[in-house]
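Participant: Sequence:
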Amino acid sequence: MLGGGNIGQAFAQGGLNGLIQGGIGAGIGGLVGGIAAVADGRDFFTASKTINKPLTGSLGDCSALFQGKTQNCGPYSLKYMASTYGEDISIPDIQSVLGMSDYSGANAHGLYMNFGNAFDYQINPDNMALLPAVLRDNIIGTMNDGGRVLVAQKLFSNMGHSVAIERVIASTTYPFVGIPRTEYLYRIMDSALGRFITVPESKILNAYGIYHFFKR
83 MLGGGNIGQA
93 FAQGGLNGLI
103 QGGIGAGIGG
113 LVGGIAAVAD
123 GRDFFTASKT
133 INKPLTGSLG
143 DCSALFQGKT
153 QNCGPYSLKY
163 MASTYGEDIS
173 IPDIQSVLGM
183 SDYSGANAHG
193 LYMNFGNAFD
203 YQINPDNMAL
213 LPAVLRDNII
223 GTMNDGGRVL
233 VAQKLFSNMG
243 HSVAIERVIA
253 STTYPFVGIP
263 RTEYLYRIMD
273 SALGRFITVP
283 ESKILNAYGI
293 YHFFKR
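FYI, the working numbering numbers position 53 of the sequence shown as 135, with every residue one higher than the one before it.
Honestly, the hints are just simulated from the structure, not real lab data.
All C-beta atoms in this analysis are idealised placements derived from N, C-alpha and C, irrespective of residue type, glycine included.
Be careful, since some hints might not be right.
Unchecked claim - The following label-pair restraints were derived from C-beta to C-beta distances:
1) N189 - E169: 18 to 26 Å
2) E169 - V259: 49 to 57 Å
3) F258 - G192: 22 to 30 Å
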């Protein structure tokens, strides 16, 4: 053998080179496959693809509101909701109608009804014993019929938080192999954060109440 080696060493070296080249080839192949997946809008590692489809129309370009350090999520949610109808109602005016300075969340029903009577809104509370699919369809139906939806979220056993739904989204993931899976997401105006966030459906349907507003 050239170089003084024997045939066994030659085969061993050849096998090692083969493993190295094979590993490099697999790595390059995986990288190319991952890049191709990303180019097609799929996940780099799993090759799954997620498509988000809005189920409700836009409420316009109204900005999110920030309540600061106060417990005024209810009034700020109502102010945001009214702004999507082109109304500018001040927080002090809302508070005076509600007869409160702070908002606990669990007492949303009476507060929202007072607001509706004062500012000419029809308010229909949902039956929270309904199936999730029915609650979801009610929310989508209201928003597509020109209504608005506020939710008194259940944070703890005796504490709630009011948010306004801006949009409902169907997020469907198509795996490379297998059955597509759809989950429902809600884009909400959260005045405690002062911005819009997207939350899973459980954060909406597991609530003290869901309230449907229509401007008379």
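Participant: Evaluate each hint against the coordinates.
Facilitator: Hints versus structure:
no.	hint	result
1	N189 - E169: 18 to 26 Å	holds, 24 Å
2	E169 - V259: 49 to 57 Å	holds, 51 Å
3	F258 - G192: 22 to 30 Å	violated, 52 Å
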